[in-house]
Each structure stands twice: as structure tokens, then as C-alpha cells.
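Chain residues, written in single-letter form:
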Amino acid sequence: MDYSNLRRQAASMKKSLFDQGYLDEQFCQVEDLQDEASPNFAEEVITLFFKDSARLISNIEQALEKYPKDFNKWDAYMQQLKGSCSSIGASRMKSECMSFREFCGQGNVEGCMKSFQKVKREHGVLRQKLEAYFQLLRQAGPAGAATRPGM
Amino acid sequence: MAAVATETPFHVLAVDDSLPDRKLIERLLKTSSFQVTTVDSGSKALEFLRIHHDSSTPISLQEDQLIYNQEVAVNLIITDYCMPGMTGYDLLKKIKESSSLRDIPVVIMSSENIPSRINRCLEEGADEFFLKPVRLSDMSKLKPHILKSRCKEHYNQQSDGNIDESSSNPTNSSSSSSDNSSSSRKRKAEGDAEILPKANRSRHS
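Going down the list, the protein sequences come from chains S and G. Okay, so the first sequence: first residue is 1 according to the UniProt record's numbering, each after it adds one. Okay, so the second sequence: first residue is 1 according to the UniProt record's numbering, each after it adds one.
Think of the hints as simulated: they come from the structure by calculation, not from any bench. For each residue, glycine too, the CB sits at the ideal point set by N, CA and C. Be careful, since some hints might not be right.
[Claimed, not checked] Selected chain G positions facing chain S (Cβ under 10 Å, derived; list incomplete):
id: 1; residue: Ser18
id: 2; residue: Leu19
id: 3; residue: Tyr155
[Said to hold, decoys possible] Okay, derived cross-link-like pairs now, BS3-like style, lysine-lysine, Cα gap no bigger than 27 Å in a straight line:
id: 4; chain 1: G; residue 1: Lys93; chain 2: G; residue 2: Lys141
id: 5; chain 1: G; residue 1: Lys44; chain 2: G; residue 2: Lys143
id: 6; chain 1: S; residue 1: Lys118; chain 2: S; residue 2: Lys129
id: 7; chain 1: S; residue 1: Lys51; chain 2: G; residue 2: Lys44
id: 8; chain 1: S; residue 1: Lys73; chain 2: G; residue 2: Lys44
id: 9; chain 1: G; residue 1: Lys30; chain 2: S; residue 2: Lys51
id: 10; chain 1: G; residue 1: Lys94; chain 2: G; residue 2: Lys44
id: 11; chain 1: S; residue 1: Lys73; chain 2: G; residue 2: Lys93
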């Protein structure tokens, strides 16, 4: 198995996620917290993120239905989701969350509904891409993360 | 500063209702050599503090050291602002209202950059306000607050009134732990700026 090749592929996958705006610098901050003692830290946090964000999305979905035009409530739920996105560097998803909140501020129901669909889509896409990324890293072996100088 | 150095790591209580954020803050703190306890709500934080801190009288008092029950004594509390039920601000208030807890430094975290919110927290006695996402570089701002509060405690414990160089803030000289006026809390917040002029009291991105 050519581990260095797999590592190169993972690095290239990550680069494209950054180039396409799916991820921002905060993701690097999360990965940088990994070390020999916690070699899978990033994947663990991301896994928690997707579990948590799925729950938050479901809450928003329910709120959109159960509490029509309750923009404060909708905004409050989305604020939580946006915060989570921000913590792991989920940049595109975060932008969609912010759009939704703007629509809430404007009292624009249709805008909220459309924006929420986008949030869900970005969530799904990001999950797929990061799952593929971490799988590649796992295949690349324990030293799968790119070497960092001086850490 | 007087030598209140101890080899036991400082213990931070981290409060955040978000699971991924809790994991992150825990890792940030551990990477920075803190001992960490995480809880997911303000009420659980208070519960933990009451069990482990209310009876935190020093078990040994020597000239240069205060030795507490080091495994559990909390040296700093870092809490998210937006939490269901008890917010970080509510928790801060409760801590500052408690004579046994109010000297523990409190740091507030928030993903929202709202100046009025930041000011409100600082006025209520928060020592620092971090904008989320919190970074590793933020962790270096924690220890000064811990050391400052321990020096202050150490000074307050000295009944013979020896003024050691750690307590350069004159407003502390007459404060005994039973005197809990809001003005002393505000002085504490202002005092931070005097003692550590380089410290970032708030971070606006």
C-alpha cells in the first residue's frame, strides 16, 4: 500500500475543500489539536458535529412547522447551528446559516424556507466530503495527518 | 509576583451546552496543560462548584503557598454565553454573588460579537471575553487571571497585613472576604487593566 500516495490524496482533497470554500482556517485549528495522544481528535470532533448538527437541523425543521412566523425562535435555533459550524470551520454551511438569520430579521418566510433547504444541502454535501476525507486518512495510516513543522 | 507556583496543573471548569464545542474547549485546555472538567449547563456547573468548592478551606497554609484540595478546587471557569436555561451571564452573576465562589476568575465565550453583551459581562465581573471559535492562542490569557486571583487570596489570608509585591492594587488592601460590594467587583475588573496592561480584556474580530 502506498501510504504516502494516500496521504497526498487526502491533502489534495483537503486543499480542494478549502479552495471551494467548504472549509475555512478553523478546520486547520481543529486538526492542529491532534497529536500522538489524540490522533483521531479531528475526526471525533467532526463526527460529534454532524451528530449535533443533524439534531439542530431537525429542531429547526420542527420549529418551522410548529411555530409559523416565529422568527425569533427560528433565529435562536439557527444561531446554535451557525455557532457549531463556526467551531469546526464549516464555512459554506455557516454562510447559509447566516443567510437564514438575515431572512429571519427581515421577516421573510419564503426566504427562510429556501435558505433552510440550502443549509440542509450544504450539510449533506459537507458530511459526504468529510467522511471521504477521513476515510482516506484512516487508510493512509496512523501518521495520516500531514507532518507539521515543529509540533 | 509572589511564588504561589504549584506543580499541580490548574483546574478549569468548562461550561458549554454544545457537545462538539465542549470537546474542543476540553482539548484546547488540556493541550495547554490544564486539568479540565466539562459540564453542559450552568446548573451543573454550580452543582460541581458547590460540591467541590464550598468547603475549600486551605488544608495547609505556609508562608508562600496555599495548598487546597488540588484535585478538585476550580481555578477558573470558562463558560459559553448562550445556553438554554441558565445563560453564561446568569452563571457569572451567581458565581459573583457567592462568597465562596466569587474569587474564581470567570471567562465568557460567545460566537456573537455584541459589544453591549461583552461590556455587560465585564461589568458583572468576568475577567475575559473570548469570541468563538476559541483558539489555542487564547489559552495563554487564562493563567494570568488564575495567578492574579491566587495572589489576591494569598494576600487576603495574611492577617498580619504584610504587603507582598503581588498585590500592587491598593484597592485590595482593605477588602476582607466578607465584604462583598459590587464596587469591589468593578474594581477587580478595572484592576485587571492596571496589573496586566497587556492583557486583552475583550476580543473584537
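Hint check:
no., hint, result
1, Ser18, "holds, 6 Å"
2, Leu19, "holds, 5 Å"
3, Tyr155, "violated, 36 Å"
4, G:Lys93 to G:Lys141, "holds, 22 Å"
5, G:Lys44 to G:Lys143, "holds, 24 Å"
6, S:Lys118 to S:Lys129, "holds, 16 Å"
7, S:Lys51 to G:Lys44, "holds, 23 Å"
8, S:Lys73 to G:Lys44, "holds, 25 Å"
9, G:Lys30 to S:Lys51, "holds, 24 Å"
10, G:Lys94 to G:Lys44, "holds, 13 Å"
11, S:Lys73 to G:Lys93, "holds, 25 Å"
When the structure is compared with the earlier hints, a violation turns up for hint 3 alone.
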